[in-house]
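S.K.: Please arrange chains R and L on chain E, whose structure you already have, making use of the hints.
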Amino acid sequence: MVPIAYYLVLAAILFCIGIAAFLIKRNVITIFMSIELMLNAVNLTFVAFAHMWHQVSGQIFVFFVMVVAAAEAAVGLAIIIALFRTRQTLNVDSVNLMKN
Amino acid sequence: MTHLNTFEIFLLLTILKIVVVLVITLTAVAYTVLLERKVLGRMQNRWGPSRVGPFGLLQPLADGIKLFLKEDMMPLAVERPLFVLAPIIALGCALISIAVVPFGSQTMVHVNGGPGFDLFEIANVNIGLLVVLGVTSIGVYGIALSGWSSNNKYSLFGSLRATAQVISYELALGLSLVGVVLRAGSLSLRDIVNSQSHHGMWSWNIFGGFQIVGFFIYLMAAYAETNRSPFDLPEAESELVAGYHTEYSSMKFAMFFMAEYANMITVACVATLLFFGGANTPFGHVFDGIFSHGLIHAVLPIFWFVFKILMFLLLYIWVRATLPRFRYDQLMGFGWKFLLPVAMVNILATALALAYHG
Amino acid sequence: MQTALFIIFGIAAIAGALNLLFQHHPINSALSLVVVMMSLAVLYWSLGAEFLAAAQVIVYAGAVMVLFVFVVMLLNAGVEEHTSGSKIAYIAGIPGAAAVFALLAFVFLKNKAALGTTQLGGDLNNVVSNLTEISHTLFTSLLLPFEATSILILVAILGAVVLARKEL
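Chains as they are written, first to last, in the working numbering: chain E, 1 to 100; chain R, 1 to 358; chain L, 1 to 168.
The shape of chain E in the complex, shown without the other chains:
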């Protein structure tokens, strides 16, 4: 008998930790991971709402989010590998070729 609101608050906590990590972290891979964390937090709200409305559509939405996240991870990590190959670094502050 846990109120749905607590699930949503848990999701909000995870989402905000994701935001903070996204802003603070300097490593491209870790930044990418914090995006995944935020996606997961949103998925939790979807599942909680699906439970609340006794409908399956929320769960299907989570399914699509997972599919898109998997595709995004594949392309994103390929970009990171290409980036590392040309710049020899993973620090986002050092990737400033277009600046100045």
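Among the hints, erroneous ones may be present.
So the derived label-pair ranges between C-beta atoms look like this [claimed, not checked]:
#: 1; chain 1: L; residue 1: Gly96; chain 2: R; residue 2: Ser250; range: 47 to 53 Å
#: 2; chain 1: R; residue 1: Leu182; chain 2: E; residue 2: Gln88; range: 44 to 50 Å
#: 3; chain 1: L; residue 1: Phe106; chain 2: R; residue 2: Tyr328; range: 53 to 59 Å
It is worth saying that the hints were derived from the structure and are not from the lab. The beta-carbon is built from N, C-alpha and C at its ideal position, and this holds for glycine as well.
M.R.: Structure of chains R and L alone, referenced to chain E:
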């Protein structure tokens, strides 16, 4: 027993089942090692272990005591927490997936008129097959982390190879099972077994279900998943010392070793359940009159289950003694360019056949 | 039962997320993210979404995060160094995230009664099981989006192969 409520009885029975299954599995793991050494020895024209006990039967015990008493070396440059965690993940994941395997025919025990507890299965989960796949896919972390935390280039290469190999072959493995799932219409392992129980071996998925292609894809992908010969590149002695567990000694090494054999047993269990009718007899209802009473009726399914698993383990050993190791690019090409397309064609054919008949 | 599950795995998820934030090595961050995902899988299960729980473990924890760990190992990424940009991020980021959290938590807790409570396991409206309902919806009314995602995945595979090739 009257003062316990249903939940407590359920909990106690479950813990009892877990302990029994764990003890049997670990013993089976120890004796699989002995079986492998014996059979490999015979295939290579030598005796295999024969000194400890009659026919070398106490060899696993001796090995266990040796590994247990060895000094547990901790190299200086390792990433300590992950180095300790890795073998635990590997062994834990190898043992967890056995929890959803049904060992015998469904035997319900009713206590206090409560809901029945299945005697021959720890947990009947309605997505049992997905649980097995999920737990197996978590097991990759054990290998990946062991190589990385060892801070040794051979370990790192071994674990990079193993990780790439396992995540590549997982696709073919998963897709090869879809045909069976389509036929059974369920992801529960119990339902899948029950769907093959009508006419003995002619209703098994491999024969009556025409899933023989799926079975061979599963077999090859599973050999790659468990890092067994001919796909044992992660621990190729001639190139990588011992692969990802180079730096491990004593019990930590033993845990990796046990994880490998426990994974073999899990793979054999899943193959038996999905393609060979689980605990069903191959003769269908022909001998029902003879074996219908009491104890034999209860024990016979377990006999068939263990027999089928033993056959799979022998097949594993036979393949190891026969085939040479793949080259790495051949391994990847085989997984992606051959197994994956064939698995997809198998799904398509099964789906079309089911749509036509059903 | 549900409360115990929620408390244990909720705390595990938050601890994992905080560990992701405070660890300096990417591989430790990746492993804490795996902990978050596994706890979320248990929470999904307790909310009656057992298919999603399995998909979460197989797709996220078993494939996506393994890929992350693999890339970290492949590139041999070390401890991240801090630059001037990270100081600004600290000053702006943590209060900003806290403000967003305060707003969200306020809204959710204010509507706590309207949102209702949960029961262990799903109770969907007149359906047999979660799995059949999901597959039925997915292959009938949502067939077009489903096919579109398959195209998306195909494109992603091709893109990843092209991007990660040696000669770009």
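S.K.: Hint by hint, say whether it matches the structure.
M.R.: Consistency of the hints with the structure:
no. : hint                            : in the structure
1   : L:Gly96 / R:Ser250: 47 to 53 Å  : holds, 50 Å
2   : R:Leu182 / E:Gln88: 44 to 50 Å  : holds, 49 Å
3   : L:Phe106 / R:Tyr328: 53 to 59 Å : holds, 56 Å
Of the hints listed earlier, there is not a single one the structure fails to meet.
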